[in-house]
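Quick note, the sequences are listed as chains B and F, same order.
Taken in order, the first sequence gives residues 6 to 367; the numbers are from this note's numbering.
Taken in order, the second sequence gives residues 1460 to 1618; the numbers are from this note's numbering.
For the record, the hints were derived by calculation from the structure and aren't laboratory data.
Please note: incorrect hints may appear among the correct ones.
List of simulated lysine-lysine pairs, DSSO-like, C-alpha gap at most 27 Å [what the hints assert, rightly or not]:
#: 1; chain 1: F; residue 1: K1486; chain 2: B; residue 2: K62
#: 2; chain 1: F; residue 1: K1612; chain 2: F; residue 2: K1513
#: 3; chain 1: B; residue 1: K344; chain 2: F; residue 2: K1472
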Amino acid sequence: MSSNIYDFSSLTGSIHSWLSGLMSSGWVIFSEMVLVGLVFLLMYALIGLFLVYLERKVCAIMQNRVGPNRVGKWGLLQTIADLIKLLLKELIPIRKSDALLFNLAPFIVIICSFLAMAALPYAKGLQAIDFNIGVFYVMAVSSLSVVGILLAGWSSNSKYSLIGAMRSGAQIVSYELSVGLSLLAIVVFTGSMQLSTIIESQANGWWIFKGHIPAFISFIIFLIASTAEINRGPFDLAEAESELTAGFHTEYSGIKFAFFFLAEYMNMFIVAALGATVFLGGWMPFHVGNWEGFNLIMDYIPSVVWFFSKTFFLILIIMWFKWTFPRLRIDQLLTLEWKYLLPISLLNIVVIAFIVLMGWHF
Amino acid sequence: MNSIVEYFTDIFKGLSSLWAGMRVTGKYFFSPGAIVTQQYPENRATLKMEDRFKGEIIMPHDANNLHACTGCGICEMNCPNGSIEILSDRVANAEGKLERVIDKHIYHLSMCTFCGLCVKTCPSDALAFGQEFEHAVFDRSKLTKVLNLPGSKLRKEAK
């Protein structure tokens, strides 16, 4: 089954054997690390810039506007122009700020999203590192970015930054629970935390269809809680521009601000990619049970296309949330988590455990 | 028991109201014909401003080069930024009496905030808002304008 999907490990394997012929094994590992790092760096910049463009376009269309349309065809180069502008801007030093932490914070935030990207499977056999605790790793690493946000708020020596960072801390600490429990639902179904195993287990149907209503409920909870975890609207009260100027990155300028900005969009990509992998089958094409002919046709669409189309579908949903709903107050935010999402996801996981125990899932 | 029912009705009410909002934005997302943005520099030839648009202050003159400004100075007094200056003159009329006529109605566009107090308070409705809005110039002195046209006279009402 799914044997005619192109396996990227043949490509990466041939690169590995070619490098092994050129140098000793230590240098092979080193040069492969450099190559993978360069690929990720390039991908990070391209996807981040494209997401900023996409967000501006989507929000414009939802508000009956046109959006960026002057720089390049359909304004496609607008975000590149913005990046060049940000690179050329002055880095303003803040008086009485904690210089070390102030300069460290953007790097912590951006490194966290880089770390999370490393474990994601982009296509069949195209995964930098396949941990046996992949889900746990991605969650742990992506929630580390709150350290960077808190440092940014603390070291800026500004009340807006501090309030924004504290709100962000409260938000991530509480919503982390729901994200974890909703992912745990699928981990219970699969019996594994390894992302490749989770994808292989969806070869006869994605978990959102195979897992009955509880899987769907945990998918909804995952969408809501992960939107909150990446500090996006309607949960963007960490950087509520009408009250806190820009929240934790008020005092940052130039490329340091761009780091926060890019990391925010890449976190959205990571969350959507994780959701697509766990609930919608990642790079696995749309398969229905044992309809061999149908599954064979679906396999002709490359696995990269499947992964990115599912990820961008989830990103569009998250953007749809942001441009529809008004911002929540901090008490409403905590009520939503502790009174609604957490009890429902706890109950949901008990139901799923029962389903798995009785073997009712497909 | 009652509170449990309330809890679940809260959830479904909340979800349905969220879905109502998402339906509205989703409808706009899939109907790109509804775009209201004007593509400004391209549509200059066909651009039509609204009547209430406040482009600049003008003094309407009729076909005989006559305006309605008596030079009373109420607009100058009412302007909060001092962007209007009136230079008036005294000229003898047909009966030999000295009468105040306007020499120059000077309007500093660079200081104007388009509040409209001059237009609103003018007793003879001599001022109005024009539709012109492309005011960018390379020299600041070009922003100082004389509103009454050269050789124009006060329109005498038929007695």
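Evaluated hints:
{"no.": "1", "hint": "K1486(F) x K62(B)", "in the structure": "holds (16 Å)"}
{"no.": "2", "hint": "K1612(F) x K1513(F)", "in the structure": "holds (26 Å)"}
{"no.": "3", "hint": "K344(B) x K1472(F)", "in the structure": "holds (15 Å)"}
Consistency with the previously given hints is maintained throughout, with no hint failing.
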